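Model the full structure from these sequences, guided by the hints.
Residue numbers (this note's numbering), protein chains in the order written: chain A, 451 to 674; chain B, 4 to 423.
These aren't lab readings, by the way, just hints derived from the structure by calculation.
All values derive from a computational prediction rather than experimental measurement.
There may be inaccurate statements among the hints.
[Claimed, not checked] Which residues of chain B face chain A? A few of them, derived with a C-beta cut under 10 Å, are: (1) F38; (2) H225; (3) E226; (4) L231; (5) G244; (6) Q259; (7) R264; (8) E304.
[As the list claims (entries may be wrong)] Quick partial rundown of chain A residues pointing at chain B, CB under 7 Å, derived from the structure: (9) E459; (10) L462; (11) A530; (12) G544; (13) H554; (14) R617; (15) S620; (16) L635.
Yeah, the Cβ is synthetic: ideal placement off N, Cα and C, and Gly gets one too.
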Amino acid sequence: MKILIVEDEDALLYAIANYLEKDGNVCETASSYEQALYKIDLYEYDLLVLDINLITGSGLDILKLLKKNKKESATIIISANNSLEDKLRGLDLGADDYLTKPFHLAELNSRIKAVLRRGKFGGTERLEFNEISIDTRSRTSYIDEKPMALTRKEYDLLLFFITNKGRVLSKEIIAEHLWGDHSDLANNYDFIYVHINNLRKKMTDAGAKYIKTAYGSGDKFMEG
Amino acid sequence: MTAHTKKIRLLRKTSKTFLWISLVLMVFSTIGLYFYVQNLLQREVEEELRSTEARIKNSISENSTMYQLPPMVEVETVSQLEVVHLKDTLIFDPSQNEIEEFRELTSFSIINNQKYRITVRALIVESEDILIAVVVSYLIVILLVFIFLFYLNKSRTRKLWHPFFKNLEQMKLFSLTSENTISLVDSDILEFSELNTEITTLTDKVRSDYKTLKQFTEDVSHELQTPLAIIQAKVDTIINGEKLNNLQFEQLSSIQNDIHRLKQLNKKLGLLSKIENKQFENVTPCNLNKVLEKRIENLSELYPSEIQLKSKEEVILLMDENLAVVLCENLLSNAIKYALPNTPIEVVLEKGFLTVKNKGARAILKPDQLFHRFYKESDEVKSTVLGLAIVKKICDRYGFKPSYSYDANEHHFKIFFQEN
Chain A
451 MKILIVEDED
461 ALLYAIANYL
471 EKDGNVCETA
481 SSYEQALYKI
491 DLYEYDLLVL
501 DINLITGSGL
511 DILKLLKKNK
521 KESATIIISA
531 NNSLEDKLRG
541 LDLGADDYLT
551 KPFHLAELNS
561 RIKAVLRRGK
571 FGGTERLEFN
581 EISIDTRSRT
591 SYIDEKPMAL
601 TRKEYDLLLF
611 FITNKGRVLS
621 KEIIAEHLWG
631 DHSDLANNYD
641 FIYVHINNLR
651 KKMTDAGAKY
661 IKTAYGSGDK
671 FMEG
Chain B
4 MTAHTKKIRL
14 LRKTSKTFLW
24 ISLVLMVFST
34 IGLYFYVQNL
44 LQREVEEELR
54 STEARIKNSI
64 SENSTMYQLP
74 PMVEVETVSQ
84 LEVVHLKDTL
94 IFDPSQNEIE
104 EFRELTSFSI
114 INNQKYRITV
124 RALIVESEDI
134 LIAVVVSYLI
144 VILLVFIFLF
154 YLNKSRTRKL
164 WHPFFKNLEQ
174 MKLFSLTSEN
184 TISLVDSDIL
194 EFSELNTEIT
204 TLTDKVRSDY
214 KTLKQFTEDV
224 SHELQTPLAI
234 IQAKVDTIIN
244 GEKLNNLQFE
254 QLSSIQNDIH
264 RLKQLNKKLG
274 LLSKIENKQF
284 ENVTPCNLNK
294 VLEKRIENLS
304 ELYPSEIQLK
314 SKEEVILLMD
324 ENLAVVLCEN
334 LLSNAIKYAL
344 PNTPIEVVLE
354 KGFLTVKNKG
364 ARAILKPDQL
374 FHRFYKESDE
384 VKSTVLGLAI
394 VKKICDRYGF
404 KPSYSYDANE
414 HHFKIFFQEN
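This is the structure:
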């Protein structure tokens, strides 16, 4: 996939690009409003990661221009502003998702994949990883074409693992993905272990041993 | 002045002072007048008695006639001379057929070698009547004058203080959060005019300070997001980059946790200032039962024990739906955070109130500070401690009353809705 990242903080820009490139994406970067306009005018992108508050202009204007020129790029807005109005405005203008800073790169990655899966951008709603396949429309998962009985959270967890395969996911990242703002409610992350262990057990029973423990407390979804 | 002093209205106070002064003046001036007139009348009577006595003496020396007109005049011959004396006496007056009070002058003289005692009397009743008439008419006049002055004074005072009272009403209506500027009545009294200037300066200053502070909170919480995003992205990159040892991973993981806390803090501060800035004004009838059911469903996964909702009737409140969600969520999160492990949480919703109950080992130490920002009971639980401040803010917004009590090892957080 060809992705353009528009973000005026270089450190964040390159961290995002770096993370996404590991999945085989081609990432281009634009660190200013003008640069972004120049690039979307010249090239076609499958997806734009767009910061709203750029120093010399608004990301929303870039989005407007993009829609005006009938570019088929999917767009994910990243913004420091978490007001509902901004979010609705972004989505109204045709953005596909809206992520408030700060966010985990794994979370961004999983949102990007979700957007790209929605058929419109030539993606497929079926996700495959060796013998595991997931139908994201019906929210069901299969091992060797046999459906797995997963709870809602286990399904979300499996999807999150597969979209971030090969990455180390700490308990914090997983908790935030599954419960968002409420992830700090429990005094410890025991409740995550419960879900991870259940999922691991169900998969292992079906012969799929992909969830590995990394560094004692992190998790990693990988082959071998 | 302490707060415990009994407060009295300005107009009442001035009227009261006026009344007291009037009363004292009236009493003393009446007493003074009484004695003055009495003295005057007495001297008049004495003078009259002496003049009658002189006439009688004259008449005796000329024709030796002893006038008798009891009880007014009595002349007798005596063998011994005594000292002249003047006194009040009670004598039976045959003409009136009753005992009357007389002023009596008894003098002794030697006229034509004969010793006489001359007694002259005058009725006191007459002079007493005059005295009473004078004092009473004085009292009536002065009372009328006082009544007149009292009302005149009252209406004058009222007029004089009118700008003050008007401006006081204006100041009571003053609210930091409202945009309405304070409009003061001008006055030709210098002090009032000065007071107005001072009030205007003060309110403008307070308002601009408040605005700056609000803006500051909002700006800070906004500006912190980007550096936090960078830190988080970098931590994520490090975790997925070079090979780490377990300790390094633990530490990075803990940094992620702290970033999350900062993020939550920021979000809540932002929310608080948004409520203050009235950014949630989409008031609709809001079914609190539905909101609660949804929130409980969401949160029950995070809480190992049961969260029960007990409600006999539907409660519909006129408020912004987002705020209703935030209110319920914060009350529930608070209960989840502080509940004893493996104890159920009970939510009771009725027409007038909502109560969230959770088991706790002991009562909160400072319940009056519970709804303040950053109140922390202990360091046991890491939280952003803004949840209850947000609850309070929302309650203030809609005139709800939040309260806390501790009963039978249970914390009760109760919200009384406005009567309507």
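Here's how the hints hold up against the structure:
Because the smallest distance between the Cβ of F38/B and any Cβ of chain A comes to about 87 Å, over 10 Å, the interface hint for this residue is violated. Taking 10 Å as the C-beta cut-off, the interface hint given for H225/B holds, the closest approach to chain A being about 6 Å. At a threshold of 10 Å, the smallest CB-CB gap from E226/B to chain A is about 8 Å, leaving the interface hint in force. Hint status for L231/B relative to chain A: holds, with the closest Cβ pair at about 4 Å, below 10 Å.
At its closest, the beta carbon of G244/B sits 9 Å from a beta carbon of chain A; the interface hint therefore holds under the 10 Å criterion. A hinted interface residue such as Q259/B counts as satisfied when its beta carbon comes closer than 10 Å to some beta carbon of chain A; here the least separation is about 4 Å, so the hint holds. With 10 Å as the threshold, the beta carbon of R264/B comes within range of chain A, its nearest partner Cβ sitting at about 7 Å, so the hint holds. The criterion of a C-beta within 10 Å of any C-beta in chain A is met by E304/B, whose closest approach is roughly 7 Å, and the hint holds.
Taking 7 Å as the C-beta contact cut-off toward chain B, the hint placing E459/A at the interface holds, the least distance being around 6 Å. Checking L462/A against chain B: minimum C-beta separation of about 5 Å stays under 7 Å; hint holds. At its closest, the beta carbon of A530/A sits 4 Å from a beta carbon of chain B; the interface hint therefore holds under the 7 Å criterion. A distance limit of 7 Å between C-beta atoms decides the matter here; for G544/A the minimum to chain B is near 24 Å, and the interface restraint is violated.
Below 7 Å, beta-carbon pairs count as interface contacts, and H554/A has one with chain B at about 6 Å; its hint therefore holds. Interface hint at R617/A: satisfied, since its Cβ lies 5 Å from the closest Cβ of chain B, which is below the 7 Å cut-off. Interface hint at S620/A: satisfied, since its Cβ lies 4 Å from the closest Cβ of chain B, which is below the 7 Å cut-off. Using the Cβ-Cβ criterion of 7 Å, the hint placing L635/A at the interface with chain B is satisfied: the shortest such distance is roughly 5 Å.
In this structure, the hints that do not hold are numbers 1, 12, in rising order.
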